[in-house]
Structures are given as structure tokens and as C-alpha cells.
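Sequences are here, hints too, so could you generate the full structure?
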Amino acid sequence: MITVKQLTKTYGAHKAVDNVSFSVQKGDIVGFLGPNGAGKSTTLRVLTCYHPATSGTATVAGYDVLTQSMEVRRRIGYLPESNPLYPEMRVREYLDFRGKLRGMSRGDRAAAISRVTEACWLGEFIQRPIGQLSKGMKQRVGLADALLHDPQVLILDEPTIGLDPNQIRKTRQLIGDLAKRHTIILSSHILPEVEAICERLIIIAGGKIRASGSIGEVRNRIVGASRLIAEIRGPVQQVQDGVRKIAGVKSVDVHAADGWNRLHIGSDEGRDVREEIAALAARSNWGLRELRLEVGSLEEFFTQITAKAAGAEAAE
Amino acid sequence: MSSETQAGIKTVGGAAAAMRSGPDTSTGGGSLTMVWALAQRELAALFYLPIAYVVGAIFLGVTGWFFMNETLVPGQEASLRALMERMAGLLVFALPLLTMRSLADDYANGTIETLMTAPVTDAAVVVGKFLGAMLFYLVLLAATLLHVVLMASHAAPVGTVVLVGYLGMILLGGLFIAVGIFASSCTRHQLLAAILAIIILAIFTFLVDAGAEYAGYAWLRNVCAYVNIFWHFADFTKGIIDSRSVIFLGSGIIFFLFLATKVMESRRWR
Ligand SMILES: Nc1ncnc2c1ncn2[C@@H]1O[C@H](COP(=O)(O)OP(=O)(O)O)[C@@H](O)[C@H]1O
Ligand SMILES: [Mg+2]
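Each protein sequence line maps, in turn, to chains A and B.
Residue numbering for the first sequence follows our numbering, beginning at 1 and increasing consecutively.
Residue numbering for the second sequence follows our numbering, beginning at 1 and increasing consecutively.
Do not take every clue at face value.
Derived DSSO-like pairs (lysine-lysine); straight-line CA-CA distance at most 30 Å [said to hold, decoys possible]:
1. A:K5 / A:K180
2. B:K238 / A:K5
3. A:K15 / A:K308
4. A:K5 / A:K208
5. B:K262 / A:K15
6. A:K245 / A:K26
Simulated from the structure, these hints should not be mistaken for lab results.
Keep in mind the model is a prediction, meaning the values are calculated, not measured.
See below:
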């Protein structure tokens, strides 16, 4: 449904998005996760035909964002990060205006407005001037606009930013309901939010993709990248060679001290070799006093990325 | 909206991208319904804003004052010519105040993003904004017809002269509005947009008016005279439709709307 290939976008000399590639299948609900300034909005704005990329290509529903932009725009419902609206217009008036811009007939607009009014719980507010609405209500108006033409693809840039916890809960629930009908990309800088709503995850930081896949896959990969720590008493060389021969072991670092060897063992993704090591130690009559998997968590991984990004920003 | 011109501007900011992918070949996004929807919204926004009423009230008040004190006095010919020249001078300042917010406001509050990602061309947005402001101006102009009625009760003005005069007012206002929308496309600051429009308009009216009279070289005086918007407008107030003046004012409108579209397109690249 969406393919992005080697997308780069620079602002002056600053690379906001750097050689990003990913794809989104029909019906997916994908979380675009990254700290502030990661390049999320910049990428989404290329997909929505707001601005062109410096290099690279992107297609939505098979249409190129640059050379077939009208086709792309007809198929996307977009909620920009700042949720810009016209405060002097009434909700119904605004939605009707947006329907006209999309070339919808009077009948289609009327039907669509009642549909999104219900979907976004706008009922009692439909005749109110937008300027008088609370932030959460405005967010729903923005969402209603994005849904008006029943688009194949929904692109929501930080849809819960600036909302209170109750509004966040309601908005998440609403997006969850939408997932049945639309392909959705949703950006966020909050991991639990993406976990709560999305099936798949793309982690972006500093304009580059750091991890992507289903949430389970990404978790496993990060866990797989964790390392095993073992303390074994025995002849250094034999211990090292013995461990290295175990299938799945990729690297072994040994620090010998007081007759004990402290081993840092790297293994293939998702492979746990603790049992084999215990068996080896027993067979060889070596002492074994520690055997521990240092699990990296997704939370930790994301916190590190965010801290790194914040550090880079502070250094600038 | 021709694909050639779109491709042309794309080479300004991203030659590589445009050459790699070719021009935008998708069509649509400029239907009358869309343009009309944009115009209606623009007009509604103007009626909502105090600035439009203030500008409108001052414009009508001052023209009324001129009418009572300069036109409607014994011994004057039954003509709106002098009054229309006064109005033209006023509009140099009044219309930029009406148009300053048209695109600048969308850039300032972010609604430009929902506009430019909707399936409408940038040209449709510009034309819609133009028509909206034009409608407001026509309402103002209609109010000045009161002067014609008042005058007719004293001495009959020549109908065709009045009609041609108003045609001139419409073309003149159209050009001023087009310049104002161009200025508004350049910035997110309304005041800057107004100042830019007033400067451009003052150059092509007051400055070249003086230049046509006082410039040191004959050719410069000629150039000044030719680009003088007031000079082209003056024919209309006398009841003369000179095709060169119609073309000058008409192509001026198209030129500045085209420029505004190009500015919008090029701002996508920033
Ligand atoms: N219009 C712009 N001009 C210059 N730099 C920009 C502009 N928009 C964004 N940036 C920069 O590009 C980087 C990515 O921004 P953005 O895509 O908005 O990040 P995110 O949405 O992930 O918070 C940031 O460093 C930001 O400062
Ligand atoms: Mg953002």
C-alpha cells in the first residue's frame, strides 16, 4: 500500500531524513516511533504530497507521490501534527468545505458528514464554531476530516499529542476502531502508545530507521542482540574453544581472574545457548558459578535512542 | 494546470528529483466546485473579520466625503471621474489590507498543510482566494452605486460612462487584489504582506505617475507612463474602453496570480 525507497530530505545542509526505506501492507496499522526531531513529520509530509523529497521515491496505493500527486492525495486522509483548522468555521461547515475540496457531491458530503460525526462522537458539537472547542474535540474534528472521503490510507501525525489522559484513551480507542477499514500510519514519540494501537513498528531516530517489524519481532531482535554472561573455572584456552564450538555461538570474550574465566558470549539472534554451556561445563568437570542472559528490552533500546538524540541536540 | 509548468518549478528546488521522476501527470484538482468552495470560505472569513469591516467603512466613508464635497457641488459636471480617481488612490492602501491575510494566514496557522495536501491544485487555491476577495470588493463597489443614484437625482450622468467607469474599477481592483494575494503568498506575516503589496502598488501608481512627469529621459518617461496603472485606468473613467488598457490590467491580474501560484509551489521545496 505504501512503499518508501531511499528517501532523503534535507533542509539546507541538515539531513532531516536520511536514506529511509520501508513498506506498509494493505490493512496494516504501523507505528512510526521516534524521539522529537527524528524525522517523522518530514517523512509523513512526503507521503502526503505536502513537500517533495530531496531524493528517493515514495508510492501510495501504487501512485508516485511526485508524479501522480492528485491520485495519492485522493486516497489519503491526513491529520497533521499541529491539527490546523479554521477557528471561525462551524464544524459542519468545515467538513462540508473539505468535502467540496475533495470533489464530493452534495449527497456524498451529507452522508459522509453523518458517518464521521458518529464515528468521531461529534454529534453535539457539529454546529459549534471550531474555535470554541477543546483541544480533544478539535482533534476529533481533524480526524473526522481525515476520514471524510473514506480514504484507503490514514496518516496520523502524533494524534494524541497535547491531549489529557482521558482524551488520549478515547482517541486511541477511536483509532483502534478505524484499523479495521483503513491502512494506518501513526507517528508517536511514546512507545506504550504505539504498542497499544499498532501491530507493526518502525523506529526512527536522527533521520534513520533503527528497527522495524512486528512489535514481537522487534522485541525478539533486540532480545536476540543481548549477550550471555558465564563464569567458568577451567583452563582458559579449552573453555574458550569449547564454548566457541557450540552451535549458535558467534563470539566469545574471556577475562581470566583468580582461576575463574568470565565469558561474554554473543549468539545468533533469538538463540539461547545456556543449556549447552551448562552441559559442556558438567561434561568437562569445570566449575560453573554464573550463567546469565543480559536481556535488552525494547523500552531500554528506545530510551537509549531517545537519550542519544537528546544528547546530540544538546551538543549542537 | 499544465504539467509543464509544474515540472518547470520543480527543477528550481529539486532538479534531480524532477528529472528522475518526470512531471506530475495526475489530473483534476481544479474543478469549479473546488474553486468556488475556496472562494466562499475566503469571503466568509472576510465577513467574519473586523479588519474587513474597518477597511470597508473607511473606504466608503472617505469616498462619501469626497462625493459630497467635491462631486456633488454646484457647477461640477455630472461625472464620477474625479471620484473614481480618488477611489483608485484609496484602494492602493485599502485592498492590500483586505488581501494581506489570504495566504499568509494559512502559512501562519498551518492550514496551508491541509490545503496543499487536499486534491486541489495550488492554482485552484490561488484563484479561489482571488475570487473570494473579489466578491468582497464587489460588495464594496456596489455600495458606492449609491453615489450614482444620488447624483442622478440632481443631474443625469451618462449611463455608459458610469458603466465603463465601473468596469475600470473592477479591473483596477482585480489587479490590486492579485498583487495583494501574490504578496500574501510570500510570507506568513500579514503586516509584511500588506506592506509588500502597498509598495508594489505604489511603485506602479504614484511613483511612475511622478516618473512620467519628472523623469530626466524621454524614454524613461514613456516607460513610466506605460506601466502606470492609473494611466490605464483613466481611460475607463472617461467612458473609453481602450483594448490596450483592458489587456494591460487583465494580463496584470493573470501575471500576479501566476506568480502567487509559483511562489506556493516553490515554498513546498523549502
Ligand atoms: N521546515 C523546516 N526547516 C528546517 N528544518 C526543519 C524543518 N522541519 C523540520 N526540520 C528539522 O528536521 C528534523 C526532523 O524534524 P521532524 O520531521 O519534524 O521530526 P519529528 O516529527 O520526528 O519530531 C528536525 O531536526 C527539525 O528541526
Ligand atoms: Mg513531528
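Here is what the structure says about each hint:
1. Taking the CA atoms of A:K5 and A:K180, the gap is about 27 Å. The hint holds against a cut of 30 Å.
2. Taking the CA atoms of B:K238 and A:K5, the gap is about 64 Å. The hint is violated against a cut of 30 Å.
3. Taken as a hint, the A:K15 and A:K308 pair is honoured in the structure, with Cα atoms around 17 Å apart against an allowance of 30 Å.
4. Taking the CA atoms of A:K5 and A:K208, the gap is near 13 Å; set against the 30 Å cutoff, the hint holds.
5. Under the criterion of a C-alpha separation no larger than 30 Å, the hint pairing B:K262 with A:K15 is consistent with the structure, at around 25 Å.
6. Between the alpha carbons of A:K245 and A:K26 the distance comes to roughly 44 Å, so the proposed pair goes past 30 Å and is violated.
The structure fails hints 2, 6 (numbered hints given earlier, in ascending order).
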